[in-house]
Each structure stands twice: as C-alpha cells, then as structure tokens.
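Novice: Residue-level listing of the chains:
Protein chains: 2
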Amino acid sequence: MDTLYGGIEAGGTKFVCVVASGPDHILAQERFPTTNPAETISRTIRFFQPFVESQQVKSVGIAAFGPVDLDKRSKTFGYITTTPKPGWEQADLLGTIQRALKVPCGFDTDVNAAAFGEYYWIPENRDLDPLLYITVGTGIGVGGIVNGQTLHGLIHPEAGHMFIPHDRTVDPFPGVCPFHEDCLEGLASGPSMAKRWGQPAETLPDDHPGWDLEAKYIGFLISNLILNFSPKRVVLGGGVPQHAGFIPKVRKLVQMQLNGYIQSPKVMDTIDELIVPPALGSQAGVMGAIALARTAVE
Amino acid sequence: MDTLYGGIEAGGTKFVCVVASGPDHILAQERFPTTNPAETISRTIRFFQPFVESQQVKSVGIAAFGPVDLDKRSKTFGYITTTPKPGWEQADLLGTIQRALKVPCGFDTDVNAAAFGEYYWIPENRDLDPLLYITVGTGIGVGGIVNGQTLHGLIHPEAGHMFIPHDRTVDPFPGVCPFHEDCLEGLASGPSMAKRWGQPAETLPDDHPGWDLEAKYIGFLISNLILNFSPKRVVLGGGVPQHAGFIPKVRKLVQMQLNGYIQSPKVMDTIDELIVPPALGSQAGVMGAIALARTAVE
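Residue numbers (this note's numbering), protein chains in the order written: chain A, 1 to 298; chain B, 1 to 298.
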C-alpha cells in the first residue's frame, strides 16, 4: 500500500483537507467554509485526528492563504500575518495544527504549494524549472519554483500586485485595489471585472470586450514574469482563465507584447507549451500540500 | 600566497580582464574597447596566456553581455546569440577562450555575475538571498541569486524590458526601445534620458525634473522586483543611479508606490538596507567573474 499523507489547502473562503498518496489515490476528502480560526482549525484537526492516531498519516502539508510568515527562524513562523480577514490576523495556523496532531508539517503559501504540486507530480515539469503558477480569481497570486525550491524571500512574492501599463483612454476604470488602485489585481481580479462591467465575470458572454481587456492585463503579467524569471513553464490557474478561449487569447497577446524580443522557440512558436492550464486542475493546491507533507519527512 | 583566478567582464563597449584572488588583491588588469569578436577575443586570450602558462591562473570566469546561451546541454552554450552588435551575433565567446587557454571556465551574464560578485564577496550578503543586481546605463539589466544560484531559465531574465505604467499626460515622451517603445528600458535608459531632455543624463543639473521622473521609473522597476522576488537585497548599480541623491529618491518612491502593502520592516522602515549601491562599486561584474572562476574549480 502507498504511504498516505495529509494535505490542507487553507483558503480564504474554504478549507480543503485530503488524505492521499498522490493525485491518483485520494482516500478521504472534506471541504468546509473558512469561518473564524478557532472553529476552522479545530475542524481541520478533527478531520486528520483518526488518520494520525491510526498512524496511517505520518505528516501533513499546509498550503495557506496569506500573507504568511515563512521564515523558520521567526517566532511567528507559520502564522497568517496581516490579512484583512476578520480574526485571522496573527493566527498561528501551522503551530496550532502541529501541536494537536504531533506530526511533521510542511508549510508554504497556497500559490507556492500549487507551483510545487504541478512541479512535483507532473513528470515533464521536473525539467521545467523555473516553473511559475498563477491564479486569477478573487485575487491574483503567483508562486514559483526557482532552482529547485519554492520562492521565499523577505516575505514571499506578491506579483499579483505588479504595476503594469493602464491606458485610461481605452480603460477609464480606476481599479479596485485598496493599496494601489490600478495595480494588476486592481485592474484584472474577478471583483474588478465584476465592478467594471456591472456583472460577475463568469456571466460575461464569450464575445464581450471584457475578455480581450482581461487577456491584455494577464498578458502583461505573464510578459513581465517571462522578463523577470525566464520561466520554462507558466501554469495559469484559478477561475477566470478557465473561461473558453481565454488562454489562447493570452498566449497571442504575450507574443504581441514581447514582440520578438525573447528569441526562444517556446515564446516565438510553441507558446502553447509555455503557458498552460494546470495539469492537476483545481487539485494543484491541495496536491502541492501533499507534496509538502512528503518532503517534510523525506 | 592566495590562489589567483582570471576574470573577464565582456561588455558591449569594453572588455575588462583581471587576474586576482579577490577584490582586495588584483595582480594585473587591462581594459580595452570591444571591437570585432576576432580581435577582442584574441586580445583577451593574449592577456591571460602568460598567467595560464606559468600555472598562476588555473581557471577563468566570464561575465558576458547578452543575450547569451546559458544552457549547458545546448550546442551553442557560451555563445552571444541575437545581439545587434555587428559581428557578435552567434559569436562563440566561451568556446574560443576555453580552447585557447585550456582551463575550466565559468560563464554567466554580466548582471548575473555582478549579482554573484556582490553575494560571494560581501559577507553580509550571504544571508540576503534572493539578492538582485540592477544596472542602469546604456541599457537596463537585472541579474539575481535565488535559492543559492544565479537566475537562468528558458534564456535568462531581461527584466530591464518590463512593462510599467507610463502616464503620457505627465511624460509624453514615446520611449526609445526598438522592440517595445515605452517599456522600462525605452523610458529610463541613459539614451532615453538623453533623447527626452536633449542632453546626456550626466549633464542634467541635480534639480532637473528628469531625475524625479527617472526615479519614478526605476522605482516601478524595483517595486515590481520586490513584488516578484521578495528580495532581501537590491543592489542598484550602473552609471545613472550613482548621480548624487538619486538612490534616496528611489527608496522614497518605492515606499510610496508599494504604499504599505509589503509589511516588512525592511520595506517600511529600513529601506536604505534593502536598496543599496554596489559594495564592490564598478568592480561588481569583474569580481563576479573571479567568483565564477573560483566556483568552476571548487
């Protein structure tokens, strides 16, 4: 029997808990809304407790919404830090789980975990370092694998808030980011689309001009990521990009924006191999958590 | 006696060759203009030949202008690739030197080498990974150390060409980049300043509005790099940023642009420790080449 691990995708709206050996073998799974930390973390612990007590699960990985403290030398390592989400500021997510379950725990951001999931479980991706994972939904997040490890630093990347060109003669919408107004997240998150067009993004018809504008902004994000990291793979996840025809549109715009400057066949010709939807679909994050759990005991 | 290494800063306008054990001990040094590849590379080889023949120098590091091929599995590894510089397209820089000198050679881009130089030789920087090195001069380049190694990928980063906000009501200048017109390099390189203001950047008086505009664009570059990499150190090199008062101006603009979103004391309070001039001054590149030579035989 394959060894089993625990994986937690700790999102701002819902938690997903799984017991699995990998993407092809999920033994148990539960998802529940993210309420206050006490209730949500208790429910998470209760889910894993029997598997840990029976010694079926020997380690757990946590893919957390953020910002989080990833510095192992810090007193608040594993905490959610400055979130506006009520009750979660300075919540000790990792410590509370680790003290209750008493097993080794891996910990990273949700988007770094998703990048790690795609890198770890999809054999062809093992040769594609740097690999970046983007999610476009309620917010815009970017995680990545660079030189074999996830991207950490002073804190962790927040590339969803990048400053990009905003031509107000074409798009007079001022943006919705409370910090930067018209940064990328301010112009291209799900909520910004909903506010600009007066209806939820997913209800916009295929030929609505909002999709071209959105593709242009996500194109700027990816063009800038290509210029920054020279990635071998860019995985475009989250709800918004899964709209029919959206990813092909983004690929064309990236080629137009870079305009022949990056002379790599993967950019010039086979860009459909460079910019791809997640091979693990919506499981990228939680399977990244399972991979974190595996590496926590390897 | 300390072991000696060869270092080559192969720039687009000049080559710098040194024999040194490190920044504090340079035995020999020569600089000459970059002409055609045959002449320039021969002169480089002639400089090192006696040191190699006497076995004083056992390895050489090359910090090259680009774009270059950094893929060790490629047939054109170590070549300059698609440069507009006459004669240098597809020039075999590394191979020609290695065949003549018959010693192990390290090879990287000039900006990755400069990042590596700052990281390798400055003890406090060893704890500051990710470390990024920016040069602003004839062009704008960015190199970096992430997870202990320089940044490679599909090719190598070209973050100087990032797409950033360009408010034409404030700055109607269209930009000079032949590929992207108003990308960062198009708006903020030395030549773009000269063209916008009708005089070379270094002749603009301290209170000229061009310095505020330039600081805003370099601020967007660094803000975006902080959002992308979460670096622990950003070294701001090249000619333009060394103008009196420029780096403090950039630090303030980065704080204004990020607007409290990155809640790290290094961004909020001690940004003068985050954004710094090169500790190695104009030697960062060639000392990076010496570090590459050392690691080529370690």
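These are computed hints drawn from the structure, not numbers from a lab. Careful, some of the hints might be misleading.
Identical chains blur together in the list; that is why a pair holds if it fits in one copy or across any two.
Unchecked claim - Cross-link-like lysine-lysine pairs, in silico, DSS-like; alpha carbons within 30 Å at most:
hint, residue 1, residue 2
1, Lys-249, Lys-266
2, Lys-266, Lys-85
3, Lys-58, Lys-75
4, Lys-266, Lys-102
5, Lys-75, Lys-266
6, Lys-75, Lys-232
7, Lys-266, Lys-195
8, Lys-58, Lys-252
9, Lys-102, Lys-252
10, Lys-72, Lys-266
11, Lys-58, Lys-102
12, Lys-195, Lys-58
13, Lys-72, Lys-58
14, Lys-195, Lys-14
15, Lys-85, Lys-232
16, Lys-58, Lys-249
17, Lys-75, Lys-249
Novice: Check each numbered hint from earlier against the structure, then list the numbers of those it violates in ascending order.
Specialist: 4, 7, 8, 9, 12, 16, 17
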